[in-house]
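Protein chains in written order, with the numbering used here: chain H, 158 to 437; chain P, 7 to 314.
If you are wondering where the hints come from, they were derived from the structure by calculation, not from laboratory data. Treat the hints with care, since some could be wrong.
Stated by the list, open to error - The list that follows gives simulated cross-link-like pairs (lysine-lysine, DSS-like), each with its CA atoms no further than 27 Å apart: (1) H:Lys-167 x H:Lys-424; (2) P:Lys-171 x H:Lys-323; (3) P:Lys-171 x P:Lys-118; (4) H:Lys-424 x H:Lys-323; (5) P:Lys-171 x H:Lys-167; (6) P:Lys-118 x H:Lys-424; (7) H:Lys-263 x H:Lys-323; (8) H:Lys-326 x H:Lys-263; (9) P:Lys-81 x P:Lys-271; (10) P:Lys-271 x H:Lys-167; (11) P:Lys-171 x P:Lys-271; (12) P:Lys-81 x P:Lys-171; (13) H:Lys-424 x P:Lys-203.
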Amino acid sequence: MIDRLTLLQKIGVYFATFVFLLFILMPFIEMIRVSLRPMSHLMTADFTWWSEDFSLQAYRDMWNTVPLLGRYIFNSIFIAASVTLVTMIVVIPAAYAYARLEFPFKSLSLGGFLAVNMFTGAVLLIPLYRVLRSLGMLNTYWAMMIPGVAFLIPTGIWLLRSYLEKIPKELEEAAYVDGASRLYTLRRVVIPLAIPGLIVVGTAVFIGAYAQQFLFAITFNNVREIQPLPAGLFEFVGYQDTTWNELMAAALTGVLPVMLVFLFLQKYLVAGLTAGAVKE
Amino acid sequence: MTLVAEGAALERMQRRELSDRAFAWLLISPALLFILVIVVWPLVETIRLSFTDATLGGENFVGIANYAALFGDPKFWQTVGRTFYWMVLAVSLKLIVGLIGATLLNAAIPGKALFRVLVMPPWVIPVAIGVIGWKWMYNGYFGLISGLLQEFGLVQDRVALLATKTSAFYSAIVTDVWVGTPMVTLFFLAAMQGVSKDLYEAAWVDGASRWYRFRRITIPQIMPVIVSMALLSAIWTFNSFEIIWILTEGGPRGATTTLIIDTYKVAISSQRFGEGAARAVVIVVLLATFSLFYLWFLNRVNRHYGAK
Numbered sequence: 158m159i160d161r162l163t164l165l166q167k168i169g170v171y172f173a174t175f176v177f178l179l180f181i182l183m184p185f186i187e188m189i190r191v192s193l194r195p196m197s198h199l200m201t202a203d204f205t206w207w208s209e210d211f212s213l214q215a216y217r218d219m220w221n222t223v224p225l226l227g228r229y230i231f232n233s234i235f236i237a238a239s240v241t242l243v244t245m246i247v248v249i250p251a252a253y254a255y256a257r258l259e260f261p262f263k264s265l266s267l268g269g270f271l272a273v274n275m276f277t278g279a280v281l282l283i284p285l286y287r288v289l290r291s292l293g294m295l296n297t298y299w300a301m302m303i304p305g306v307a308f309l310i311p312t313g314i315w316l317l318r319s320y321l322e323k324i325p326k327e328l329e330e331a332a333y334v335d336g337a338s339r340l341y342t343l344r345r346v347v348i349p350l351a352i353p354g355l356i357v358v359g360t361a362v363f364i365g366a367y368a369q370q371f372l373f374a375i376t377f378n379n380v381r382e383i384q385p386l387p388a389g390l391f392e393f394v395g396y397q398d399t400t401w402n403e404l405m406a407a408a409l410t411g412v413l414p415v416m417l418v419f420l421f422l423q424k425y426l427v428a429g430l431t432a433g434a435v436k437e
Numbered sequence: 007m008t009l010v011a012e013g014a015a016l017e018r019m020q021r022r023e024l025s026d027r028a029f030a031w032l033l034i035s036p037a038l039l040f041i042l043v044i045v046v047w048p049l050v051e052t053i054r055l056s057f058t059d060a061t062l063g064g065e066n067f068v069g070i071a072n073y074a075a076l077f078g079d080p081k082f083w084q085t086v087g088r089t090f091y092w093m094v095l096a097v098s099l100k101l102i103v104g105l106i107g108a109t110l111l112n113a114a115i116p117g118k119a120l121f122r123v124l125v126m127p128p129w130v131i132p133v134a135i136g137v138i139g140w141k142w143m144y145n146g147y148f149g150l151i152s153g154l155l156q157e158f159g160l161v162q163d164r165v166a167l168l169a170t171k172t173s174a175f176y177s178a179i180v181t182d183v184w185v186g187t188p189m190v191t192l193f194f195l196a197a198m199q200g201v202s203k204d205l206y207e208a209a210w211v212d213g214a215s216r217w218y219r220f221r222r223i224t225i226p227q228i229m230p231v232i233v234s235m236a237l238l239s240a241i242w243t244f245n246s247f248e249i250i251w252i253l254t255e256g257g258p259r260g261a262t263t264t265l266i267i268d269t270y271k272v273a274i275s276s277q278r279f280g281e282g283a284a285r286a287v288v289i290v291v292l293l294a295t296f297s298l299f300y301l302w303f304l305n306r307v308n309r310h311y312g313a314k
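Only chain H is shown next, with the shape it has when bound in the complex (with noise of 0.2 Å):
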């Protein structure tokens, strides 16, 4: 048996773990804290940790401050759902073809499709821009789903090859000869057997989808009722004064659904995910 952590050792762990969390943690701290005070404390007290004066009267007003708030909260739930469903509709079958297939400019292509990582929307925006206006979809959802579609293509290929490579040959091999057409064995074999792989891979997906919205929202779009949290939530900030507790109120419930169904899957996710990508 190792030598294990003696006492002292273990209080520095925890020490250490606790100064490394509070590094990670200290926004969210923050926020829920300056959610919880009123305006007018915020902005005429230096600072101080605790108050008398909590309460949860932002929560209630940051709905009537920025009437719109339930929408953008909504949109950006729904435009990574949309990405995440049409970028999965993409990348199962080329995720496929790499683990499976073997054809002409095979590691070529996939050294290409891992390149696009080396580019962000920010790079391309100017063409991009020109390319939805023209495609009429400017101001519109697509606008901000097509681009985000594209740019998660190759992880998603790379991270569900590597699922699709640990399902036994066999299997497909063994419906083969009962006469079972390609496709039909791709949709009836394979994918049900990937499906813990394709729940992580969608997963992480939909995280790169929602944690990367502002840049396409505040470019391609300016119509209020389709934009999503990020972009939304400046409408708290005025010229004058910015409701910071409100803000954060609003932040913090906005992003309220997508955390607890994380909670609920990260398990599955954190090893699925580091399973896939550190293999090689």
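Fit chain P to the given chain H structure using the hints.
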């Protein structure tokens, strides 16, 4: 009978071999189409635009005038230098903090499952929202950081961290590290868990200290993951837009203007498409060169430590 069936199956297998390429390209084509329309074509178009003076009004071919103006501008070279400094510093910190974090979360202590969950929130929420939290904390009047510094007597007066050039730059770095650390930590943690326990036990039997085992077993074993995370982080940090844009919009007085912010300002804010495109092309060339060099390096590292 069985022979005939086997023969038929074999024949079908062979036919499958023949159509493999067609089927494969069929499966890849939707993904390929997306990339061609949304990435490749805009890239070609960016290169073309970089040789024009395109604005909303129209465009004329101007040759290399945009590049000449760009390379002749000392401010541009400052921005390039700042961007690389930003990237190297932020990525190094992410790797160091991530390595420390992963080591802590890998320690056999009660509560580690909970601690692992608590690392994730910055990664799961929209980047913009976490940055709003930081923007508040950097605020000089009521912000947490200024408040704490005063409380501990480190500063006399309120400090508006985003208002002076140096503090704004390093504040943006801290926020960028905060955004990137959780993912790095989780990937390092997963790699550490994949290291065979036998190695540690053998070293322990031989009397190797904990630090020695970390240096001579953990680090070499997870080196491929460290190196690939470094490349990914470098690319993301180089391209990082939202963090700086929300915190400072590149200010004060250009102190946090990286190449991507500069490009956005020229191309989108002032709609000078041609000049913006030239900047975008420079970014692509720099990143491609950097990545190729890095992949070559990665290859050597993998060979050195033996592909895991």
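inquiry  = Tell me the hint numbers this structure goes against, listed in increasing order.
reply    = Numbers 2, 3, 5 and 10 - these are the hints that the structure violates, sorted from lowest upward.
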